[in-house]
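Protein chains in written order, with this note's numbering: chain H, 1 to 447; chain U, 1 to 347.
Heads up, simulated SDA-like pairs for lysine to any residue below, C-alpha to C-alpha not over 20 angstroms straight-line:
no., chain 1, residue 1, chain 2, residue 2
1, U, Lys79, U, Pro66
2, H, Lys309, H, Asn408
3, U, Lys79, H, Glu412
4, U, Lys77, H, Gln335
5, H, Lys100, H, Ala34
6, U, Lys307, H, Thr241
Which chain H residues stay away from chain U? Per the calculated CB distances, all over 12 angstroms, these:
no., residue
7, Lys73
8, Lys93
9, Gly376
Rather than coming from a laboratory, the hints here were simulated on the basis of the structure.
Beta carbons are placed, not taken as given, at the ideal position from N, Cα and C, and that holds for glycine.
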Amino acid sequence: MSKLVMNRRGLLRSGAVMGAGVALPTIFTASSAAAYTNEPTGSTVTLGFNVPQTGAYADEGADELRAYMLAVKHLNGEGDGGMMNTFSSKELKGNGILGKEVTYVTGDTQTKSDAARASAQSMIQKDGAVMITGGSSSGVAIAVQGLCQEAGVIFMAGLTHSNDTTGKDKKANGFRHFFNGYMSAAALAPVLAELYGTDRTAYHLTADYTWGWTQQESIAAATEAKGWSTAANVLTPLTTTDFSSYVAPVLNSGADVLVLNHYGGNMINSLTSAVQFGLRDKQVNGKNFEIVVPLYSRLMARGAGENVKGIFGSTNWHWSLQDEGSKAFVQSFGQEYGFPPSQAAHTVYCQTLLYADACERAGTFNPCGVGEALEGFKFDGLGNGETEYRAEDHQCFKDVLVVRGKENPTSEFDLLEVVQVTPRAQVEYAVDHPMFAGGALGSCNAG
Amino acid sequence: MDAILLQVLNGLDKGSAYALIALGLTLIFGTLGVVNFAHGALFMLGAFCAVTFSKILAISKVVIDPEKTDFLGNPAKIKTPYVEEWFGSFGTFLIDFAVPVSLIAAVPVMILIGIALERGLIKHFYNRPHADQILVTFGLAIVLQEVIKAFFGANPIPQSAPDVFMGSLDIGAMVGFAENAIIYPYWRLVYFFFSLAVISAVFAFLRFTTFGMVVRAGMADRETVGLLGINIDKKFTIMFGIAAAVAGTAGVMYTPINPPNYHMGMDFLVLSFVVVVVGGMGSLPGAVAAGFLLGILESFASMPLIKDAISAIGLPSIDQIIIYLVAVVVLLVRPRGLMGKAGMMED
Chain H
1 MSKLVMNRRG
11 LLRSGAVMGA
21 GVALPTIFTA
31 SSAAAYTNEP
41 TGSTVTLGFN
51 VPQTGAYADE
61 GADELRAYML
71 AVKHLNGEGD
81 GGMMNTFSSK
91 ELKGNGILGK
101 EVTYVTGDTQ
111 TKSDAARASA
121 QSMIQKDGAV
131 MITGGSSSGV
141 AIAVQGLCQE
151 AGVIFMAGLT
161 HSNDTTGKDK
171 KANGFRHFFN
181 GYMSAAALAP
191 VLAELYGTDR
201 TAYHLTADYT
211 WGWTQQESIA
221 AATEAKGWST
231 AANVLTPLTT
241 TDFSSYVAPV
251 LNSGADVLVL
261 NHYGGNMINS
271 LTSAVQFGLR
281 DKQVNGKNFE
291 IVVPLYSRLM
301 ARGAGENVKG
311 IFGSTNWHWS
321 LQDEGSKAFV
331 QSFGQEYGFP
341 PSQAAHTVYC
351 QTLLYADACE
361 RAGTFNPCGV
371 GEALEGFKFD
381 GLGNGETEYR
391 AEDHQCFKDV
401 LVVRGKENPT
411 SEFDLLEVVQ
421 VTPRAQVEYA
431 VDHPMFAGGA
441 LGSCNAG
Chain U
1 MDAILLQVLN
11 GLDKGSAYAL
21 IALGLTLIFG
31 TLGVVNFAHG
41 ALFMLGAFCA
51 VTFSKILAIS
61 KVVIDPEKTD
71 FLGNPAKIKT
81 PYVEEWFGSF
91 GTFLIDFAVP
101 VSLIAAVPVM
111 ILIGIALERG
121 LIKHFYNRPH
131 ADQILVTFGL
141 AIVLQEVIKA
151 FFGANPIPQS
161 APDVFMGSLD
171 IGAMVGFAEN
181 AIIYPYWRLV
191 YFFFSLAVIS
201 AVFAFLRFTT
211 FGMVVRAGMA
221 DRETVGLLGI
231 NIDKKFTIMF
241 GIAAAVAGTA
251 GVMYTPINPP
261 NYHMGMDFLV
271 LSFVVVVVGG
281 MGSLPGAVAA
291 GFLLGILESF
301 ASMPLIKDAI
311 SAIGLPSIDQ
321 IIIYLVAVVV
331 LLVRPRGLMG
341 KAGMMED
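Throw the hints in and build the complete structure from the sequences for me.
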């Protein structure tokens with residue numbers, strides 16, 4: 001007959017083994033219990049706002065952050081509701097998203113791809129963000145979009161204008177509401193041809209990175225199709241601050257138009273140099289010399305001061321638009337912060353509402369479900385007229401604004417005037433257009 | 001030929017800024033033996049003296065105009081600067097000439113900032129290795145630019161040149177070239193002549209005044225000057241203030257050329273440090289000569305003709321690295337720089 005002898009040490013050892021045995025199933029199934037990355041299980045859902053809080057685009061990032069906070073407020077049922085009241089989809093009720101209160105974390109992209117990826121990674125892994133959004137640069141957007149694809153979360157791009165974001169670098173988990181270089185060119189070229197004539201020679205100064213290259217390619221192709229010729233395309237390093245040595249040879253090149261494919265600090269400095277050199281007061285080939293800035297931003301126009309007066313460009317949205325959506329957003333943002341929103345603020349606010357609405361319609365936060373709800377989604381009431389998120393490349397198609405630097409501004413915000421609202425049909429392109437060729441959307445990744 | 005002349009002119013105004021910053025940098029190194037990486041930040045602080053002065057002049061009386069509305073539909077606020085209301089056309093003139101007039105305020109402010117930095121922080125690092133000096137002054141530069149960003153934001157703030165200096169001069173037409181062949185903005189010409197005046201003033205101050213003679217003697221042999229009963233430390237502190245004022249005035253006058261932002265000091269700092277090294281550490285004429293030389297070379301490197309020729313042989317563009325390439329060549333051929341003296345940074 002055996003006798004079971006249990007001493008203190010044996011009891012502890014047996015307890016540990018039994019405990020491990022009981023816990024084993026949950027240890028191995030903990031990760032697979034969640035159906036997708038960062039599935040919200042509590043009463044809140046966390047969104048990650050990844051914007052430049054330091055560096056050259058910090059002011060733009062600050063405006064994006066203001067818009068995000070306003071969107072969160074509206075989604076949670078606070079404030080006047082903003083564009084939720086004018087949005088054609090009526091899924092959003094002001095009770096958060098899918099009944100969960102919306103919370104957020106913020107990251108600083110510093111307008112550097114590696115820093116942006118690191119902060120997005122941290123928001124996904126440490127803070128449990130189920131969606132990442134933001135950015136004020138195409139290089140950053142493309143880098144973060146790739147990361148979100150790998151991590152299995154949705155990326156709702158902020159201000160990114162390179163064709164590549166929804167072209168060769170498109171991803172199934174990434175969505176862009178903002179317009180792109182091709183659309184700017186398609187909207188702008190007919191206006192330029194009508195204003196300045198079809199017999200023009202353009203000299204391009206182009207920022208030497210993805211956005212600059214695609215913007216230059218687009219505007220050169222669109223203006224050449226209208227009869228213009230291109231005298232030269234000079235690539236300027238992104239770190240250039242004094243553009244005088246690039247601007248000085250322009251008048252002697254035979255060109256009668258200078259196209260500045262620059263954004264941000266580059267745009268401010270190159271435009272300032274061009275105006276200082278008196279290009280706009282000169283006549284070449286018997287015509288007045290003209291300057292064009294394909295992508296405008298009100299915040300950048302403020303930095304360039306009086307130099308923007310009379311200069312044409314394009315923009316995604318402007319606070320002076322008089323549709324109900326724009327008016328509601330300007331009112332809401334203006335009441336909250338005391339000044340009108342920028343186009344960067346507008347696009348990120350729209351992206352937040354669009355994401356929340358897609359979750360509601362899909363009935364889940366699962367990125368594959370949300371992506372499916374966004375693909376081919378047609379909507380109105382968000383300030384750009386009838387809009388569609390094209391399923392094949394996740395690019396929004398909507399009207400584009402051609403603007404001009406205002407000659408007689410009535411306030412410090414009144415810097416640009418809308419010259420033409422270019423209808424969406426004029427800026428559309430085929431999915432397999434050569435400027436967007438290469439890369440594949442792939443399939444969605446839920447983590 | 002006209003293209004070459006144009007780039008020489010371009011290089012001169014770039015070189016003016018490099019020379020002014022490098023002059024202060026080498027002055028501090030030559031007197032105090034400190035490698036001051038905060039010198040670019042002093043250039044930036046000067047620029048923001050101009051911004052602050054403009055903002056002060058723009059302080060306005062606000063009147064509600066019920067006839068007009070703002071973007072929210074509320075009655076618009078009409079602003080009239082007090083200086084215009086108080087002084088009429090003289091007030092308008094002050095606002096127009098805000099940038100050059102702000103020099104009057106910027107010079108004492110920058111001297112005081114320079115003296116405060118030297119007495120408060122930098123003097124504690126005189127006997128420390130150069131690496132420590134670089135670290136502390138670089139850290140100081142970051143602190144200063146973050147303070148400016150906190151007050152003024154990250155976006156550039158445009159400053160206008162006086163109306164009379166707007167536009168450009170057709171220099172080509174004046175010397176027989178075709179129309180528009182060599183045009184040059186008036187304000188850049190003003191900047192070039194301003195820098196020549198400041199550089200001349202600094203050299204004259206050091207050459208023809210008793211104070212300057214003592215400082216030069218101190219630079220050559222600090223110990224002996226001290227033994228003569230002269231408080232050389234006090235004189236060097238004042239020189240730090242003067243170097244700060246030189247950088248500050250360069251910053252003030254640069255604001256109409258490129259709208260100032262909090263980061264502009266860093267953009268110039270590294271280039272100016274290279275200028276000092278190429279010119280020869282501690283050599284004032286070397287800093288000035290190297291500033292203009294490298295400014296002109298940088299302009300040539302960004303000419304489309306040169307860029308095309310370089311890309312034709314399969315090399316990337318060199319406009320951003322030309323200065324460093326030249327620095328490497330100069331240091332290989334003349335390790336002490338163009339006009340460097342023996343003993344500087346060789347311990």
